[in-house]
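Asker: Residues per chain, in single letters:
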Amino acid sequence: MATESQRSLVGDVLAGTRRILASAKHRVGITEDQNNLMGFAFVAPNILVFSAFLLGPVLYAFYISFQEWSILAGAGTWVGLTNYVEVLRPLPLAYTGNGLTWRPEVLTSPSANLWWYALKNTFVYAIGTVPLQIFGGLAVALMLDKRVRFKKTYRAAYFMPVMLSGAASAVMWRWFLAGDGVINSVLPTFLEHNWAGDPGTALGGVMLMAVWGGIGSNMIFFLAGLQNIPEELYEAARIDGASAWHRFRHVTWPSLGNTNFFVFVMAIISAFQVFGIALVFSEGGPVYATTTTVLLIYQRAFEEGAFGEGAAMAFLLFILIFSFSYYQYRYRDETEVDY
Amino acid sequence: MTDDSTNGRLSRRRFVAGLSTAGAAAFLAGCSDDSGGSSGDGSSGDGSGSTTTTAGTTTPMNADITLSGWAANNEESALVTDLVSEFESNHEGIGVDYNPIQSKYKQKLKTQLGAGNAPDAFYVDSSYFPSFASANVLLSMEPLAESEDYDTDDFFDPLLDAFRFDGTLYGVPKDFSTLGLFHNTAMFEEASVDPPTTWSQFEDALSALKDNVSNESFKAPMIEYANGRSWWAFLYQNGGQVLSEDGSEAVFADDPGVEALEFLTGLKEDGLLAVPSDLGSGWHGAAIANQEVATAILGPWGLPFLEGYEDNPDINGQIDVAHLPKPSDGEKATIAYTVSYSASANTDSPAATRELIRSLTSDEGMARWAKKGLALSARKSHADLDYYDEHPRRKTLLEAGDWSQPFSFGPKSESIVNRVRPQLEAAMLGEKSPSDALSTAQQKINDEVL
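Sequence order for the protein chains is A and B.
Residues in the first sequence are numbered consecutively from 506, following the numbering used here.
Residues in the second sequence are numbered consecutively from 878, following the numbering used here.
These are computed hints drawn from the structure, not numbers from a lab.
The beta-carbon is built from N, C-alpha and C at its ideal position, and this holds for glycine as well.
Wrong hints could be hidden among the right ones.
[Claimed, not checked] Capping the alpha-carbon separation at 30 Å, the derived lysine-lysine pairs in BS3-like fashion look like this:
#1 B/1249 - B/981
#2 A/625 - B/1309
#3 A/625 - B/981
[Stated by the list, open to error] Distance windows between CB atoms, simulated:
#4 B/1078 - A/774: 50 to 58 Å
#5 A/579 - B/1325: 20 to 28 Å
#6 B/985 - A/555: 22 to 30 Å
#7 B/958 - A/524: 52 to 60 Å
#8 A/706 - B/1091: 29 to 37 Å
#9 B/958 - A/654: 54 to 62 Å
#10 A/546 - B/985: 33 to 41 Å
#11 B/1118 - A/579: 32 to 40 Å
#12 B/985 - A/658: 36 to 44 Å
Put together the whole structure using the sequences plus the hints.
Answerer: Structure below.
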């Protein structure tokens, strides 16, 4: 334990710091009303950790994306925009003598450009999983918000996949979807197929797994959202003679605006960042079928040691996710729900 | 804090005194954190390098060194711990700290090397060895190779070559694994076939197995990964190469490579070969053990699995290992996966580190390691060990060391392999013709990588 004199010393230091800050504030013209020292003190640990372990590395990665970087040498050579050009070329949209031409093969063939192909896979994945995760989660939440027997058991069952690690569920689903797996044993013979091993269906397998895992977590958010909706609104709607569908359409759905926004943005972001399940399910294969953008970044940087190229890809992905989230956020300001 | 008000105003002197006390405390805390890790550095007596030792190990050296690797299981790390503590008791003054890294070994080691805080000695897989050596992060092992009482001639040449870069040795083989033909002798007998020695015999044998094996678990004569692992061995057997002599160009899409891949895809098309996702088993060892297949091209790591297979303890006795079949006018070849003991170029104690590596790879050290049975001894003379007479399947795999080709293709090895595998997969799954697939991979490598 601190002795009396040490304690008073600490007190002195604090008081001194306060005085110095006060005089500094006076000089830059901050009034006492804006005295946020305590506030800053509270957020300081977070800001420090954030800067040291997130912001700093991110800025450094941005710097690396302009270099041909060797992690072993811990140094690189400046190559300007070369990494970005290498990643993006050939573009799916090309300017030829006759104006802009669309080159679909850049998106459909992994041999032309892996970045665009991986981005295409990621979009297919996002478009396929996000709506199902959201509406599936909402549907389950609506069902389990009612008085049903074993409600808690059902909730736990639907939430189970969320608690399972991605790697474990990927291994499980790889077995389910194998030529010899459980799925085939319940399908009629003419539908039997090696789902996990066929480049045409492997991404579908990963998507199925993502929907299965995503419904549970969205369900929890929607259940919380549903419980926030004031009962009076439903009462008023019933008195007005609204049917169940109308109550959902005009009370539940608009009142869930905040939840919808959150769930949608998070689902899109995590869809763009899909990595672990694709890696464990099939390591990006067969024949690049499940190579998503983040998986490609991982392979380039950490397997092949091309950190500059990997960092450039990561920033392109960041720009994509950031512009999407920013647009959503702006749009959102106009539609926020207040009860 | 309640007595804060009594201090109310404070003199500048007290404030400064307070600050410096806090500073000193932080400084001391910092120091005490470090002292554990760096205590050895000050006393390290062999910083000047390799001049200290002759082989006798009687010269006292003072050094604390660290050793890192991965451990397949507790038994393996226990053995390394034993070997290390014996080394310590024979080498007064040298302390060895053994820290196995359990996952993402390569990534972690790369980061440590880049940051300059790598262990002194560590494992390096031949597939990324050239990228390490070309970045000058490894310590030369030439002084060890040149020392009189250390016989590098005893190592299989292909394995030593795997750890040479620009003519300099940067690692000593720890062990290796070759691919051989694992086969179920009961099923072979049922189909009246002998282990094949040529590709055409192999194909005939697989057909006979397909028609004659009655075991109800049996699904296909052979298992192979969709990314065609054995293609690399078939390529060399057929006289092909992955890279040109000077390493400046990929040449695997020439005829020998295409023929080798056509051989494999032909087996797949004829229903003689299944990929893991066709079967219930995810890998060769399990497929063989479950009797889903009669053959698999597999390495010695499959043996401990079979030996300990509890679901069907009898199966181990039925599985034998033969050398890989080759084209009738082809060359003997197989793939060797090998790992070295290497050292960091930054080590403070190069002589002590080399001494540790010498001890771990010595005749005795390596024999004890090899007897764990996970991988093979890198020393040719060990073929005469009683252990290998008692374990003939491992002996077969060991013999193949002579004609093995390390799975390593220059400093850009990983980029090359990452571009070839998906194309092999495309051919195996019938998405592309073998020549198309290999040309695509070759062109991408020549354009993007080399």
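Asker: Checking each numbered hint in turn, tell me which of them this model violates, lowest number first.
Answerer: none
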